[in-house]
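Undergrad: Sequence:
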Amino acid sequence: MFQPSADQLIFADKLVESGVPAHAIDFEQKVPVGADVDIRIRDESGDVYAYQMKHLNDPQDPVSEITRGKYLLQLAIADADHSVMLVDGGRGTVRDWMTNGSYDELLAIHNGARGRKGTGITFVIRLEDGSLVIPPGSRTDPKDML
Numbered sequence: 003m004f005q006p007s008a009d010q011l012i013f014a015d016k017l018v019e020s021g022v023p024a025h026a027i028d029f030e031q032k033v034p035v036g037a038d039v040d041i042r043i044r045d046e047s048g049d050v051y052a053y054q055m056k057h058l059n060d061p062q063d064p065v066s067e068i069t070r071g072k073y074l075l076q077l078a079i080a081d082a083d084h085s086v087m088l089v090d091g092g093r094g095t096v097r098d099w100m101t102n103g104s105y106d107e108l109l110a111i112h113n114g115a116r117g118r119k120g121t122g123i124t125f126v127i128r129l130e131d132g133s134l135v136i137p138p139g140s141r142t143d144p145k146d147m148l
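Plus 2 on top of the position in the sequence shown (first one is 1) and you've got the working numbering.
All clues given are correct.
Straight-line Cα separation of at most 25 Å, PhoX-like style, residue types lysine-lysine; simulated pairs:
1) Lys32 x Lys119
2) Lys72 x Lys119
3) Lys32 x Lys16
Derived from the structure by calculation, the hints contain no laboratory data.
Could you put together the complete structure from these sequences and hints?
TA: See the structure below:
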């Protein structure tokens, strides 16, 4: 069984190991109304990183599972400078996701293909051979560990 709170603690621990001060990490932020952030970080410069964490359990269509409107809107309306959808359990390789249309679909959502839902969200998909960051070069955390 997938336990979201365990994943949040593991991720927070890795952030602390990378140099993010523990006091800069908050869990389960739901402000403003309608937002849902699993982990929030405020870095030394005041930038806020908001993470919504998802775990894929071999869905038929992983992109649809990741980008349900509710999930996107909860992250999009969060008070953050950097909104990140962090996805574990993705099947396949980075190359698979680049060539099967998943990358293009997620980039289109980032660029506003679904309007307010998804616009500006960075997707970090952890795959069998590494992580795929969409769009490339996005700031995903204060210490560039993702």
